[in-house]
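Chemist: Single-letter residue listing:
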Amino acid sequence: MSISLTTLTERKNLWPWLLLAPLGLYLLLFFVVPLVDVAIMSVTHPRPTLANYQRVFTGALYQYALINTFLTAAFVTLFCLLTGYPVAYLMANSSRRAAMLILVIVTMSFWTSFLVRTYAWMVLLGNSGPLVAFLGWLGFEPTPQLLFTRFSSMLAMVHILVPYMIMNVYSVMQKIDPALIRSAESLGAKGFSLFRHIYLPLTAPGIANGCVLVFVICLGFYVTPVLLGSPREQMIAGLIGRQIDEFLAFGMGSAMAIVLLTVTLIILTIYHRRFGLDKLWG
Amino acid sequence: MNLVLRLLGILVVAFILAPLVIVVPMSFSSASSLQFPPPGYGLAYYKAYFNDPKWLVPTLNSIIIATGTMVLTMILVVPATFALVRHKFSGKGFADLMMLMPLAVPHIVMAIGYYSYFGDLGIVHSHIGVILAHSCLSVPIAFLVLSANLKGFDRTLERAAQSLGATPSRTFIHVTLPILRPGLMISALFAFIQSFDETVVAIFISGRDAQTLPRKMFDSIREQADPVIAVISTLLFVIVLAAAGLPLLTKAIRERRQARALANAAGLSAPH
Numbered sequence: 592m593s594i595s596l597t598t599l600t601e602r603k604n605l606w607p608w609l610l611l612a613p614l615g616l617y618l619l620l621f622f623v624v625p626l627v628d629v630a631i632m633s634v635t636h637p638r639p640t641l642a643n644y645q646r647v648f649t650g651a652l653y654q655y656a657l658i659n660t661f662l663t664a665a666f667v668t669l670f671c672l673l674t675g676y677p678v679a680y681l682m683a684n685s686s687r688r689a690a691m692l693i694l695v696i697v698t699m700s701f702w703t704s705f706l707v708r709t710y711a712w713m714v715l716l717g718n719s720g721p722l723v724a725f726l727g728w729l730g731f732e733p734t735p736q737l738l739f740t741r742f743s744s745m746l747a748m749v750h751i752l753v754p755y756m757i758m759n760v761y762s763v764m765q766k767i768d769p770a771l772i773r774s775a776e777s778l779g780a781k782g783f784s785l786f787r788h789i790y791l792p793l794t795a796p797g798i799a800n801g802c803v804l805v806f807v808i809c810l811g812f813y814v815t816p817v818l819l820g821s822p823r824e825q826m827i828a829g830l831i832g833r834q835i836d837e838f839l840a841f842g843m844g845s846a847m848a849i850v851l852l853t854v855t856l857i858i859l860t861i862y863h864r865r866f867g868l869d870k871l872w873g
Numbered sequence: 002m003n004l005v006l007r008l009l010g011i012l013v014v015a016f017i018l019a020p021l022v023i024v025v026p027m028s029f030s031s032a033s034s035l036q037f038p039p040p041g042y043g044l045a046y047y048k049a050y051f052n053d054p055k056w057l058v059p060t061l062n063s064i065i066i067a068t069g070t071m072v073l074t075m076i077l078v079v080p081a082t083f084a085l086v087r088h089k090f091s092g093k094g095f096a097d098l099m100m101l102m103p104l105a106v107p108h109i110v111m112a113i114g115y116y117s118y119f120g121d122l123g124i125v126h127s128h129i130g131v132i133l134a135h136s137c138l139s140v141p142i143a144f145l146v147l148s149a150n151l152k153g154f155d156r157t158l159e160r161a162a163q164s165l166g167a168t169p170s171r172t173f174i175h176v177t178l179p180i181l182r183p184g185l186m187i188s189a190l191f192a193f194i195q196s197f198d199e200t201v202v203a204i205f206i207s208g209r210d211a212q213t214l215p216r217k218m219f220d221s222i223r224e225q226a227d228p229v230i231a232v233i234s235t236l237l238f239v240i241v242l243a244a245a246g247l248p249l250l251t252k253a254i255r256e257r258r259q260a261r262a263l264a265n266a267a268g269l270s271a272p273h
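Quick note, the sequences are listed as chains P and S, same order. For the first sequence, the working numbering assigns the number 592 to the initial residue and increments by one for each residue that follows. For the second sequence, the working numbering assigns the number 2 to the initial residue and increments by one for each residue that follows.
You may find that some hints are simply not true.
If you want a taste of the chain S side facing chain P, the calculated C-beta under 8 Å gives, among others [as the list claims (entries may be wrong)]: (1) L35; (2) F83; (3) F90; (4) G94; (5) I113; (6) Y116; (7) G120; (8) G123.
So the derived label-pair ranges between C-beta atoms look like this [said to hold, decoys possible]: (9) S:G153 with P:L726: 50 to 58 Å; (10) S:L242 with P:F725: 24 to 32 Å; (11) P:A770 with S:G153: 45 to 53 Å.
What the hints contain is simulated information worked out from the structure, not anything from laboratory work. Even glycine gets a Cβ: it sits at the ideal position worked out from N, Cα and C.
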């Protein structure tokens, strides 16, 4: 043994850094640098000023998109909670086979490309689709336009995001000790009161998790609102895309991107402080 | 309360299932436009897909890019995960957070960054550009899956091998790797799927030369909602179900907790 104890410990300290180095370098070059590039463009394109940010916060079009994005994300989160909670409840409180079947359906939805799901909604909500036909049969004359509205893009977003809510709430519900419910019942709690005072608070961590995840993903949604939404009611991501695609306005696009990124990171940081970010993704 | 929640739950499950169910019959439709239910059935759209380079070239591009992404991601993530799970060092918390950061940034923000940066580097509209971009987005997913596996690794097996005289490298090749193989495979599969499914960054940087399948689908839906998409949807659906769904589901029966982590990680790659 010619290696002294000090060189051995030094080696031990060096080893993890050697293992991390390739990825660290890669992330620096292809994650950090592009982001810094966006930040720089936001204050230098086309001229070095803060004018881009001023326009983002004061221009009517941009203000409207910002408000619309937050409202949409809030409503989508709310609807995901209202629809996802019963599914999680159903999974946690049915036979093992039924719960498995629902898990399979929800997982299948996860695994299906969201472009496929977006396309499916175009078929379902289109003017020669089954929903419009049904409304016509009910006597709506003329039949309402469903596709390319705020309704259609929100419906598709809820559909895409509700599995996240279900998984998060279900994982908490699964761990609830049935003895807690029984003892509450034995003390006289029942029906809505049992739900309101016992079940709901017990599932709160799952609700918080699901809501943060859904809200944050929804803020950055690009494809679904662009394809299914109303062209007049854009969300930030769609507007950013148009700035680059149509107007080649990289400064404006970057400024909006930085605003979107900042808001997302603030929400996630608050969440990280309270719960830990690694909890968010299971 | 109980009954109301249950009924609502069943309705929502039907809502989740509905779009998946209509795509398959749509692919066999004989209608020339979006129409449901289809007026008749046939294989016309399957013929259209398999005979059209406009669809086959993007499919091939996507396979090339997803394979490249998978290889690059694994080369970078495997050693890093070993470092983060098995070693304690100052700065570990920061390194952990950095691994997850690409998940926190909306794809549209990365898309602008890559568009301008790769333009400067001269690799915009190239396969290599898309691979470099997609790998960044795959890193957190591959890391989450692999680190979960590595944390559950019973290290007494390695110690046993070494006590029997195996060198560290032999132990790694003959003990560590075989045990980790399922985890490595799932991790690689997720990196592949993440890239195969990624749309937003691909829309902005893949250009005409490296156009991916999701990008082509996006353009096609935006322009005219070509019914060929139903064919691709059905094929993707069948492939995913066969390749990933079934093994995952049998695993899910055995180990529910892991199934949840996997499903969550799978979902991560979907939207944006």
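Chemist: Holds or violated: 50 to 58 Å for the Cβ distance of S:G153 and P:L726?
Modeler: 52 Å, holds
Chemist: May I ask you to test the interface hint for S:I113 with respect to chain P, counting a Cβ-Cβ separation under 8 Å as satisfied?
Modeler: Holds, about 5 Å.
Chemist: Do the numbers back the hint for S:F90, that is, is its least Cβ distance to chain P under 8 Å?
Modeler: Check passed: Cβ of S:F90 comes within 5 Å of chain P, closer than 8 Å.
Chemist: Was the hint right that S:Y116 lines chain P, CB cutoff 8 Å?
Modeler: 6 Å, holds
Chemist: Taking the closest Cβ pair, is S:L35 under 8 Å from chain P?
Modeler: 5 Å, holds
Chemist: Tell me if the interface restraint on S:G123 is satisfied: Cβ within less than 8 Å of some Cβ in chain P.
Modeler: With Cβ-Cβ at 15 Å, over 8 Å, it is violated.
Chemist: Once the shortest beta carbon distance from S:F83 to chain P is found, is it less than 8 Å?
Modeler: Constraint on S:F83 satisfied, holds at 6 Å.
Chemist: Okay, P:A770 versus S:G153 on CB: inside 45 to 53 Å?
Modeler: 29 Å, violated
Chemist: Could you check if S:G94 really has its C-beta closer than 8 Å to a C-beta on chain P?
Modeler: 11 Å, violated
Chemist: The hint says 24 to 32 Å between S:L242 and P:F725; measuring C-beta to C-beta, is that right?
Modeler: 29 Å, holds
Chemist: Have a go at the S:G120 hint: is there a Cβ in chain P nearer than 8 Å to its own Cβ?
Modeler: For S:G120, the interface hint is violated, since the closest Cβ of chain P sits about 10 Å away, which is over 8 Å.
Checked against the numbered hints listed earlier, the structure breaks hints 4, 7, 8 and 11; every other hint is satisfied.
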